[in-house]
Amino acid sequence: MHGGAAPDSPVAGSLAPEAAATAGLFREASGSAHRAPRGGGLAAEARHPAWQGATDELQPLALYDKDGGLMRIRAACERARLAGLVPGLSLAEARARFPFVRYEEMDRGADAGLLAAIADWCDRYTPLVALDGLAGLFLDISGCAHLFGGEDGLMRDLAQRMEGQGLAAGLAIASSAGPAAALAVHAPGTVTRPGEEVGLLAPLPCRALRFEPALSATLDRLGLRRVGELLSMPRASLGRRFGAAFMEQLDFAIGRSTRPLNPRRPVPALIHERRLFEPIGRVEDIENLILHLAQRLKPDLERLGQGVRQLELSLFRVDGVVERIALATARPMRDPASIRRLFCERLKAIGDERDAGYGYDLLRLSVLSMDVLDDDQSNFLASGVTAERMVTLVDRLTARLGPGAVQSLQDVASHWPEKAQALVAGFSGTAAATDTAMESLPRPLRILDPPEPVEAISVLPEGEPIRFVWRRAAHRVLRLEGPERIEPEWWHDDVTTATPGLFRDYFRIEDDAGRRYWMFREGLADMRPARWFLHGIFP
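Following the UniProt record's numbering, the numbering of the sequence shown begins with 1 at its first residue and continues without gaps.
These are calculated hints, taken from the structure and not from any lab test. In this text, a Cβ means the ideal position worked out from N, Cα and C, and glycines have one as well. Be careful, since some hints might not be right.
[Stated by the list, open to error] Pair ranges (Cβ atoms, derived):
#	residue 1	residue 2	range
1	E353	L82	39 to 47 Å
2	R389	R472	39 to 47 Å
3	G223	E248	17 to 25 Å
4	L423	G305	24 to 32 Å
5	G514	V424	50 to 58 Å
6	A217	G68	15 to 23 Å
[Stated by the list, open to error] Restricting the straight-line Cα-Cα distance to at most 25 Å, the calculated cross-link-like pairs of lysine to any residue (SDA-like) are:
#	residue 1	residue 2
7	K348	K419
8	K298	L222
9	K66	W121
10	K419	I447
11	K298	P403
12	K348	I271
13	K419	R324
14	K348	R324
Turn these sequences into a full structure, and let the hints guide you.
Set out below in structure tokens:
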């Protein structure tokens, strides 16, 4: 689906209170483009008195932008256009001829922010929403129209809700994105059937196909002003005259070819939602609906043998604002009560930051990532309760304090001591695949990072130390075990076996006070004088 302003509308965006924009929907790669054909101006709505609750007679509004060294009008609301103000006039001339109009400079950054907010809101119709230029959107509505009583019902609902927010959108539905975009701008309200697109596009101007401005001007000079006239020309002649890029855009615009849709947000693996006739805002009502959605989600997860790892709760307000609450779990889960409890913790943590406004009329629970969850048989003799309680505690703390607030150490498949463990968010409870021979070797509980140099005294240059000095304190070696050689991970690091100073021979050393250390000698004695480092301390 694609939508847009009236074809001759000079409004570049949506200017309250008579905001105009375009949108178009299509099926196979179904999308809705909400675009303004002549520039930006979307952010003017937020500055207009109508959006501030003003009820007095509204002052006409126009936007200007720099064109070379001159300020020119880029967009105007309907009342300003009816008075004769058209885009293209210089700002000075417009002020002189139409002093009753309110003039404001365009804000491209604010336009982009408002367009992103509209895209978030359009997520209520389909999770496949993509930006189309500076003032447009594409919505893939494949398989979604039946939720609104068909394509006509979906388009009607979208138009009514946009109108309620001060956005006058022109909408069109086609089988692919190109025709939808053209029809939304130049024939809003069109709902095509398969095979009808070319016939409906034929009477439209060639600029509806969204060629480069220079190409559109060339076509106009050649007398090819309508799409039908252009399509009546031999394809071979058009290809020779205008090139491959022109033919590619032509085929896309009339629906002969498609382009992949690039959704603005990741597409969830599973979605369950609840649409409400009466908006809600109380936390208790939200929590009850979360439980309901989680209960509907559980059979899908069981069928797949999966549990959720990342969830997102989307709260759609009636005024178009979308609030999203993300949640991550330490282990895969699908228990509805547990999911509800975690979101309750998150809602408590958010507290006053959540603003229900006039209430939520749609709640959606999306699974962003999943992992295998086997159905384990209960064993009354096993003591797995402690691990489960730990996972539950970590999940609740993460929900309350936010992602990354709780971390744990996870084993990494690496022989190199500095890389043997890594901090990860939450609690995975799983160890990485490691070498079984390495697992049996003792390792200190405390690792110094980086290793600290020590001064070692040996009888022979290549021999083991009999004394060493660490942090200005002398230690006499009483017992020593080793060496255990660890070499660089050449498959990860850009090193070779001939690189000196990277071999490590580790020793477990006990001094005369009973303290135990993990020390290594770097390099080989026949390569250069070896250096000693203290890397860890045993209990």
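Here is what the structure says about each hint:
1. In this structure the hint that E353 and L82 lie 39 to 47 Å apart at CB holds, the actual value being about 43 Å.
2. Evaluation of the 39 to 47 Å hint for R389 and R472 yields a pass: the beta carbon distance comes to about 46 Å.
3. At about 23 Å, the beta-carbon gap between G223 and E248 stays in the expected band of 17 to 25 Å.
4. At roughly 30 Å, the beta carbons of L423 and G305 sit within the given window of 24 to 32 Å.
5. As the Cβ distance of G514 to V424 is approximately 35 Å, the hint placing it in 50 to 58 Å is violated.
6. At about 19 Å, the CB distance of A217 to G68 agrees with the hint of 15 to 23 Å.
7. Taken as a hint, the K348 and K419 pair is broken in the structure, with Cα atoms around 37 Å apart against an allowance of 25 Å.
8. Our distance criterion of 25 Å between C-alpha atoms is broken by K298 and L222, whose separation comes to about 63 Å.
9. About 31 Å separates the Cα atoms of K66 and W121, which puts this hinted pair outside 25 Å; it is violated.
10. Restraint check: the Cα-Cα separation between K419 and I447 comes to about 11 Å, which is no more than 25 Å; the hinted pair holds.
11. For the proposed pair K298 and P403, the alpha carbon gap of about 24 Å is at most 25 Å, so the pair holds.
12. Taken as a hint, the K348 and I271 pair is honoured in the structure, with Cα atoms around 24 Å apart against an allowance of 25 Å.
13. The hinted pair formed by K419 and R324 fails the criterion: a straight-line CA distance of about 36 Å is larger than 25 Å.
14. Proximity of K348 to R324 is assessed by CA-CA distance (about 15 Å); at most 25 Å being required, the pair is judged to hold.
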